[in-house]
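Protein chains in written order, with our numbering: chain A, 10 to 342; chain B, 10 to 342; chain C, 10 to 342; chain D, 10 to 342.
Everything labelled a hint here was simulated from the structure, so no lab data went into it.
The structure presented is a predicted model; accordingly, all values stated were derived computationally and were not measured.
Do not take every clue at face value.
Between beta-carbon pairs, the in silico distance windows are [unchecked claim]:
(1) B:Asn90 - A:Asp263: 47 to 55 Å
(2) D:Ser97 - A:Val276: 39 to 47 Å
(3) D:Gly297 - B:Asp128: 55 to 63 Å
(4) D:Ser97 - A:Glu91: 48 to 56 Å
(5) D:Gly297 - C:Glu255: 50 to 58 Å
In silico DSS-like links for lysine-lysine, alpha-carbon gap of 27 Å or less [what the hints assert, rightly or not]:
(6) C:Lys317 - C:Lys339
(7) D:Lys46 - A:Lys317
(8) B:Lys146 - A:Lys235
(9) D:Lys227 - C:Lys176
(10) C:Lys275 - C:Lys335
(11) B:Lys246 - B:Lys235
(12) D:Lys275 - D:Lys251
(13) D:Lys275 - C:Lys227
(14) B:Lys176 - A:Lys235
Beta carbons are placed, not taken as given, at the ideal position from N, Cα and C, and that holds for glycine.
Number of protein chains: 4
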Amino acid sequence: MNGLSFVQNRPIDIIGIGRLCVDLNANEIHRPMEETKTFTKYVGGSPANITIGSSRLGLNAGFIGKVSNDQMGRFITNYLNENEIDTSNVSVDQTGAVTGLAFTEILSPEDCSILMYRDNVADLTLSTDDVSEDYIKQAKVLLVSGTALAASPSREAVFLALEYARKHHVTVIFDVDYRPYTWNSSNETAVYYSLAAEKCDVIIGTREEFDLMEQFIKDYESDDQKTAQRWFDYNAKIVVIKHGSEGSIAYTADGLSHRGGIFKSKVLKTFGAGDSYASAFIYGLLQGWDIPRAMEFGSASASIVISKHSCSDAMPTVDEINEFMKTAEKVHL
Amino acid sequence: MNGLSFVQNRPIDIIGIGRLCVDLNANEIHRPMEETKTFTKYVGGSPANITIGSSRLGLNAGFIGKVSNDQMGRFITNYLNENEIDTSNVSVDQTGAVTGLAFTEILSPEDCSILMYRDNVADLTLSTDDVSEDYIKQAKVLLVSGTALAASPSREAVFLALEYARKHHVTVIFDVDYRPYTWNSSNETAVYYSLAAEKCDVIIGTREEFDLMEQFIKDYESDDQKTAQRWFDYNAKIVVIKHGSEGSIAYTADGLSHRGGIFKSKVLKTFGAGDSYASAFIYGLLQGWDIPRAMEFGSASASIVISKHSCSDAMPTVDEINEFMKTAEKVHL
Amino acid sequence: MNGLSFVQNRPIDIIGIGRLCVDLNANEIHRPMEETKTFTKYVGGSPANITIGSSRLGLNAGFIGKVSNDQMGRFITNYLNENEIDTSNVSVDQTGAVTGLAFTEILSPEDCSILMYRDNVADLTLSTDDVSEDYIKQAKVLLVSGTALAASPSREAVFLALEYARKHHVTVIFDVDYRPYTWNSSNETAVYYSLAAEKCDVIIGTREEFDLMEQFIKDYESDDQKTAQRWFDYNAKIVVIKHGSEGSIAYTADGLSHRGGIFKSKVLKTFGAGDSYASAFIYGLLQGWDIPRAMEFGSASASIVISKHSCSDAMPTVDEINEFMKTAEKVHL
Amino acid sequence: MNGLSFVQNRPIDIIGIGRLCVDLNANEIHRPMEETKTFTKYVGGSPANITIGSSRLGLNAGFIGKVSNDQMGRFITNYLNENEIDTSNVSVDQTGAVTGLAFTEILSPEDCSILMYRDNVADLTLSTDDVSEDYIKQAKVLLVSGTALAASPSREAVFLALEYARKHHVTVIFDVDYRPYTWNSSNETAVYYSLAAEKCDVIIGTREEFDLMEQFIKDYESDDQKTAQRWFDYNAKIVVIKHGSEGSIAYTADGLSHRGGIFKSKVLKTFGAGDSYASAFIYGLLQGWDIPRAMEFGSASASIVISKHSCSDAMPTVDEINEFMKTAEKVHL
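Required output: the full structure, derived from the provided sequences and hints.
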């Protein structure tokens, strides 16, 4: 029991929409990228990672997105197929756009950074023509991540997907995933994030991301309960607010709040923590688990991924998570 | 009684937001513009015209907009001031934008066209920074016209104004006013028009404009009752659908529909009919008149304006409209 | 004898290339444009004015340019035709560009200003495809004005025209005509103006315009003789440097410099002085007059135009200039 | 004796100007890039490669360019410094531009392709402010490659560098290096390539590149001798026209043409052949060698580079080239 009711008897558990890109992870770590010689290529992008994670956990997954008409784009589609994600709604850009890139630099477990290539990217050329009502209505969950709202025509495609999802009672999960470099201004971000969040059932973001969305409120206090209530007044049932190293809190429309446990881990890098958490948390919600259990499952998944070199490729199975939880040491916040 | 309840005891009756531009009307009419020698300059733009019309009718009016930092911009602000419209929230662009222009060509009463200058226009540089919650909450009505949704940052400014208006129970009237040349695609238009219309109390548009907004609906039928119901399901109380020469029908959330009378008129040009109609119709709503009476008052105002050379400058007073209605011949549709 | 030798037996005396636009001149003068009510429409743009002036003086004239596909564009083409200018190489833009506008404000004879509309203008969409070698080789003179170098593809079209002109020994006259608002930076202007000026036989500009072109020279002194010599070292035979109210000086490759007389005039506005001067000066050069005589003829033409309301429409005939010179009072500088 | 006379007693032998970028070469070759897992990072870009090659051969080299303000940019500058290239005129972009990338795919020695990232690249933000007359006048040779002409403000920077070079008798070598994806149209390319080539002493390009530059010539024949003569009529002394597998021919202003020998090589990939050829050919010219000897030296350098994994990092020393030439088998065309 977690406050959500998913429409049953639908062939697809979860459809991700939005960013599909390529991570180029430094092979030589603990040094600045200037001194890195080689990189390994992985599929990346928050909704891609979450969808891959969901599929690894056994969910029937699909994706609505757009890839570049080149080797990078074909690599992405191939990888999604290999991970048993339905790519019938992944279309190929015809405008000469490229695949977004993220070069990662791992100076230390605490000091990781990303060099992004986000000019003229294929994922933001997704358009309303690429969004199928017939496809969306076959799903229990639509997963939206915020970066897809950063530019036209992708922004309009997401709003149309949200309309179809609401019409057909598809549960909408919004992972805020704010990336400043893809936006013109934080004002613009706040406006479109709010318009989208109004229509979502579950909203997952950091405290800073919620503050960003609420920047137009006068005499604003950064207060979790007020934030959660503001979105419950629209359509939200669960609002998850992440407080960094202090852990996350899930607020529910019944007025309660929940924390999940956290596990000790041998951290290689911090990338991918949020995406792996989200995929396992969503898995738990779909199983009907109560929120603390789903959160703990998410934490375990995150602990596994941050100990490995990639994000997408490191996403664990249910067995791996269960195995990890048997032996991992819990941290009490 | 018209289904609307305005918050009383507010100092401003109506605030317009959006386009402020200049009309250059051909002085030599009944010929192609190639042969026109001289033009007369007027303030124009749908929300400007409606606000000017409202002020002429005695309403306390204000405007949220942006004008170019040149002679054209100063002309507009001066004209609004002369018409007793509060311009404290009309700001001046600092980016080098120009005032939008509309050159009109009047070949015959039935054959009028407009040559628009809409590149780099100041009205679309209105931003969230220019929208004041304190100002909006002083008004009974916020009047939005659709062109302001055509581009950033004006689009975000309008969505923020809508949020403030809803928060403070300001009645929102949406005049669709679709101008294709300001948009990238009809898909984009449909998405943002719908997001705005969801938040409005009164929606006024042509049958074609509603069809445009509903283009993503499968197995769509162009049906007034269905259209009205779709918006009642959000926040609308009145939906006015214009059918050209067949007149307009106002649908109300109680399931009724209404027509107002139409008057015979000596037509000089068709420009300005919609704006003068809207200002007088809104005036009637604010007086608490029933809908047919407000519509008839709107029709009378339109009949006056289309017999004159300008739009804005020809907006009538209450006395002029009453005088006209005493003698004008009604047309039965 | 003026240092130029034109190829004889060519059917066209002069071809202008570049800007074709519309002037909207305030009818109510001696007041700020905010208070102007009506405007009169004329063809404008420096090369257009010079070419119209040349045709009025009896030269066989043609034009290479691009006009908008609307009433303004057709007005321009019609006006050129009425003035017996060959428009076979004036093409019609198909990209939705508009005609550039210049609203004039005449506060006093000394205080005139222009409000320009130069976004998305048709004249700058002229491309290499619109430039015909066969056409250019029929002319004695190609007249280039600098604004056409401000943006692609017009800039490339002008460079191609220059190449054809040099190949076929067409005398090239370059009127610098610097308009800052059409350029991204003065650095960019200097580079392309210099590349063009290198290929020209006659260069006409203000002292400030030559300083702009020479801004990259170290330890620069603003010195007419050095400026003239710099261009003689390329291809120039005549360099005319305008010193505002102190008059113009024409430098010739033989080391001489020349001044023409100036006439008293009843000045209405200063617009059009340079263009009318240029057209009559070029006329004189083509007649084989010596330079002082051509300059004086130019001055007389300018004196006539600045006493009238328009630029293009006020361009005088040879008889009008001669008549004026009989009675006008000469000013000695 | 090769027709060139370099100004002696200058501290710098050669300054490259233009593109500095990063190559990401597939480590797993003979497969499509979709299946490549890892990439190795090298400095790339035609003028960068040629300048690195020149420095390896013992020339005093410098560079005028702009790099991104991130790890990729610092990697490039570091690498140039390590290769003893003066980077005092390599500036750092402050606009948020990125380093251009070239992902290489090596399917077979004959079938290599490149996936380029050229949006918003730092090298094209080089501006006239970054070009120092004092620096250029210290050099014997300025090496220009055509890609730097593709966009503003880099294009203007190159034209200014050309002006300084001519003023101070710096020998200008133009490597055409046409990359269609950086240009808007081939017309635009032809115009700016021609304006640059007019001012150069040595022009190196493929037959197709010269055809591109000469596309506006009526009744055009693709003929080496005519092409060479056209540029001799401006400032060229040597024109090298590459005919792919049929080898290159160098034309000189004295009417002669020359071929250099070609060597058998174990080809890994074709990338870098032109750049290594150019650096060794220029080295030879600077030594005062006759043209066939300089060409043969160039061929030997190219044979070495195409047998290795990188372009820049594989550039040979004089000893390596001499060693190679002792044992390599010559091919007779």
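For each hint, the structure was consulted:
{"no.": "1", "hint": "B:Asn90 - A:Asp263: 47 to 55 Å", "verdict": "holds (54 Å)"}
{"no.": "2", "hint": "D:Ser97 - A:Val276: 39 to 47 Å", "verdict": "holds (42 Å)"}
{"no.": "3", "hint": "D:Gly297 - B:Asp128: 55 to 63 Å", "verdict": "holds (58 Å)"}
{"no.": "4", "hint": "D:Ser97 - A:Glu91: 48 to 56 Å", "verdict": "holds (50 Å)"}
{"no.": "5", "hint": "D:Gly297 - C:Glu255: 50 to 58 Å", "verdict": "holds (55 Å)"}
{"no.": "6", "hint": "C:Lys317 - C:Lys339", "verdict": "holds (19 Å)"}
{"no.": "7", "hint": "D:Lys46 - A:Lys317", "verdict": "holds (17 Å)"}
{"no.": "8", "hint": "B:Lys146 - A:Lys235", "verdict": "holds (22 Å)"}
{"no.": "9", "hint": "D:Lys227 - C:Lys176", "verdict": "holds (12 Å)"}
{"no.": "10", "hint": "C:Lys275 - C:Lys335", "verdict": "holds (16 Å)"}
{"no.": "11", "hint": "B:Lys246 - B:Lys235", "verdict": "holds (14 Å)"}
{"no.": "12", "hint": "D:Lys275 - D:Lys251", "verdict": "holds (21 Å)"}
{"no.": "13", "hint": "D:Lys275 - C:Lys227", "verdict": "violated (52 Å)"}
{"no.": "14", "hint": "B:Lys176 - A:Lys235", "verdict": "holds (15 Å)"}
Checked against the numbered hints above, the structure violates only hint 13.
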